[in-house]
Amino acid sequence: MKLSPVRALLAAAFGLGVTAPAFAADPIKIAVIAEASSISGAAIPNAAKLAADEINAAGGVNGRMIQIVDYDDHNSAADAVRAFQRAKNEDHAVAVIASYVSEVVLALEPWSGRLQLPMITPGAASDDISHRVHADYDHLKYTFHGYLASTFLSDSVCDGLKTIAIEQMHAKTAVVMSEDAAWTIPLDAEYLKCVPKVGLQVLDHIRLSPDTTDFTPVFNKIEALKPDLIVTGISHVGVQPTVQWHDQQVPIPMVGVASQATSSTFYKDTNGAAEGVIYQTVSAPDVAVTPKTIPFTKAYEKRFGITPAYCGYTTYDEVYYIADAIKRAGSTDADKLVAALEKTSWDGTIGKVEFYGRDSDFTHAIKVSPEYIGGLLVQWQSGKQVTVWPTNVANAKMTFPAFIKLPAK
Amino acid sequence: MDNRKSFAAILIVLAALALLPFGVSGYILGLLTLGFYTAVFAMSWDLLFGFAGEVNFGPSFLIGTGAYTAGLLNHYAIWPIWACTMAGAGAAVIGGLLLAVPALRLRGPYFGLVTLVAVLLLQNMIVLFAGTTGGEIGLDLPDVLAVDDSNNYWIALAFMGISGLLLFGLSRSAVGLILQASGQDAVQAGALGFNVTKHKLAAFCVSALFSGLAGAMLIFYEGTASVGTVVDIGVGVQVIIAAVLGGRRTILGAALGAVFLIGAGEMLRPLGELSTFVVSAVALVVILFVPGGFLGAVLHGERR
Amino acid sequence: MQFLQILIDGFAISSLYGIGAIGFTLIFGVSGVLNLSHGAIMVMAAVAAWAGAGDLGFGPYGGAAFGVTVAVLTSLVTYGLVVRPIQTSTRIAREEREIFVLTGTLLWGIMLQEAIAYFFTSNPKTVLPLIPGVVSLIGVRTPAQEILTAAVAWAVIGLLWLLVNRTKTGRVLLAASINPRGLTLLGFEMSTIYFYVWALYGLLAGIAGVLLGAFLGVSSDNVGQLTASAFSIVVLGGLGSVGGSLIGAYVVGYLETVTAYLIAPSIRTIPVLLLLVLVVYVRPQGLLGRR
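Residue numbers (this note's numbering), protein chains in the order written: chain C, 1 to 409; chain D, 1 to 304; chain B, 1 to 291.
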């Protein structure tokens, strides 16, 4: 390749290297785009590096090492698009693991198609991610949804409610409380269908702005309705509603999706107000969902000092099954890689990972069912995350702080 | 530097930039494309602040109005891109006139607050009507300007070149001088027989027109319109920093500052979370020690 | 019942807004500075108090004191490193100082915000409440911390009133806010006065930050919102007027609370923004503004 003067000048000016042809022993680059200053976001690069180091220690993929290239998107769609372009054109990544925020992933999805660079999200939930792949497969087939779609998250919570709310708490009524965001639109739609189906009357459905800092009016309104349960769908907010729930002694238990609660720092951030909160997740530190779950949690805790947030588990698996797909495809070519990823059948930390096909509405979303990936309900008890559902893996019974009033039998 | 020489210099730089796609990677082109749109934001802001003296904290009110008008028309009415962009620019001009009314009555921090409130209201409206606007999620657009990096780059470059020449020409014309005079002392400028109101209104319209156009084109480049890219206060802050860094009252400096800011943010990427910190610190050092900005520092000897 | 609830919650949040805004307006009155790093200083105080009470092991009271101290120091650094160099620079034309101070403090605020996010993540932090538990106040279950918040805010406002009206330093400060040039003629060193004002400002912003952190919790993402809200309150009440700011704080606090309770929490701030536009049009000097 001849180096044009303009290119040399620009390379010098920007301090960037000039593209060289790839050699067989060059590392395989996987890009990671996430918001580094949030707890959920930070788990993504951390878990990816952990997985890459393990794969490399075991000899890499066909003799090539895996290298994680890590970008901070500051939770901005524009920064993420820029990082994505850089990953493709400058760093020559073969695949991207991107963000836990649906807004960001939906902005990246068309770019994944335009630049033909496979992308998997470890934590965004919006159903639209896979619906769009279904609607325009030829262009968008490069996007994979490596986390439960919102509808499946609701279903998982409802499954758990059947046991813990109806059978154990004897609850009859609930209020659905979720934040106004892309991922909660399908989540709420499904909640409103499945919560009544398990036998809980939904008294109200409250959507709150993710900018809310004072939750007093919200809890007030909920308490006036006297429900037995608050079913949550929160991710961007978490610490503040939890602390205010505790400080104001709102006597109603909270159960549902609460992404921030999945990290072990949540207890400290809330000064222990998390006590009694129940959240849905796919893996927990205390449960061997698969034989890989606990070793991963231990290794992660040893290296980073905290337990992984929910998207740490999915990211760790994703690096492994991307590597596996490259091995099976025998190539890092985007179309071959997509074809190989579609045939993924990987036993990871969250269960057995397979993707729905073209015929499903949820094209390229991970399959959800007990034989693939179920869900867990985990409760904060004395500063520990303990699994309370499903009963066959539960390590403890539910307990609540004194201010919670459970319905009479 | 006289006007003819300045224009010649600008044309040479633009011609050189137009050759870049033959020599550099798509990644750098993508970066510059974003830089060019930001450059138009910053130049428009400079016309309003640097020349007309209006402390506008809300460039993203004009940008966002243009972008969302264009985006909604494309998403729902499936108008072609050019029609959406024109409509967006028109809506931004109306927004500019709405801002101009208080600007003629209020001064300094009071007007600054009104512009800030305008941004917050726009943002709240978009979030409130999330069902239509996509809210914080963002609005996906069926059309994009181009997929190819080079084409996108040329479109952005041509757009910046034309906008820049027009804005720069305006600032160097009699209108620019009258604006500058009324920005510094409106009473005196009025006493000299200039119609301050008319000129300020014109400045608002022109600034809004280019902000709206650039906002609309940016979303058609990215293929998505979101609050974070065209409305958020942070977007406005970046525009202001770019213009101040490059040198106020120079128009061209604003463009320079914008491209620098986008480039620096990217070069500092290895610092991860600290990159914004470092960019802000550099900007702070510049305004403390080189208050004239980059271009001000270069032209310093010639001007005085 | 709901009326009482609004009355109590609105009072606590308004008192909190009040002390935050008084510091902001004081600085403007005395030195003509609109400090756009205001929100960042409040968040610094809250996060320092959280870290002090937790990781550093100072306990809730030690942590709160540590938070306020950090805010005072940050405030003095803001003045010494950002504001003063701009005000004394010979390279910046006098009529441009205002926009430079605005840009400078804005950048400084972003730096503080990013530093907090880097060291402590942008996840919200809640300061350990000084008094845990709830009490029943005229039939409304109220966290003790909420009552403490209002009580501390009013104690601070009372002390400030005593300082301004009953001490020599206070009278000098008051005079400085009315006519700085006259004071210089009387032989007062303005730089000493500025030092005191910024220290006092740091104290007020720090207390407001710690109380907010214990009452609602704060994250580095709230920086812009906190600055904008103080700015709005101060303009509503009249720039430079302490009494006006206090009234502005109650108007904003109650309007927000009423909106959140009676209409919807998601549009909490919209009526305030509309009111602000209206006031700025009809009475640009604010409710109690001097000019």
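Treat each hint with caution, since some may be false.
As the list claims (entries may be wrong) - Computed footprint of chain B on chain D, listed as stretches where at least three residues anywhere in the stretch have a Cβ under 8 Å from a Cβ of chain B:
| id | stretch |
| --- | --- |
| 1 | 66 to 75 |
| 2 | 95 to 106 |
| 3 | 111 to 118 |
| 4 | 220 to 226 |
Said to hold, decoys possible - Negatives, chain D to chain C, calculated, CB over 10 Å:
| id | residue |
| --- | --- |
| 5 | 80 |
| 6 | 190 |
| 7 | 269 |
Claimed, not checked - Pulled from the structure, derived: some chain B residues nowhere near chain D, Cβ distances all over 10 Å:
| id | residue |
| --- | --- |
| 8 | 92 |
| 9 | 173 |
| 10 | 266 |
Simulated from the structure, these hints should not be mistaken for laboratory data.
What you are looking at is a predicted structure, and each value in this text was computed from that prediction instead of being measured.
Every residue, glycine too, gets a C-beta built ideally from N, C-alpha and C.
Comparing the hints with the structure gives:
{"no.": "1", "hint": "66 to 75", "verdict": "violated (count 0)"}
{"no.": "2", "hint": "95 to 106", "verdict": "holds (count 3)"}
{"no.": "3", "hint": "111 to 118", "verdict": "holds (count 5)"}
{"no.": "4", "hint": "220 to 226", "verdict": "violated (count 0)"}
{"no.": "5", "hint": "80", "verdict": "holds, 18 Å"}
{"no.": "6", "hint": "190", "verdict": "holds, 42 Å"}
{"no.": "7", "hint": "269", "verdict": "violated, 7 Å"}
{"no.": "8", "hint": "92", "verdict": "violated, 5 Å"}
{"no.": "9", "hint": "173", "verdict": "holds, 21 Å"}
{"no.": "10", "hint": "266", "verdict": "violated, 7 Å"}
In this structure, the earlier hints numbered 1, 4, 7, 8 and 10 are contradicted, and the remaining ones agree with it.
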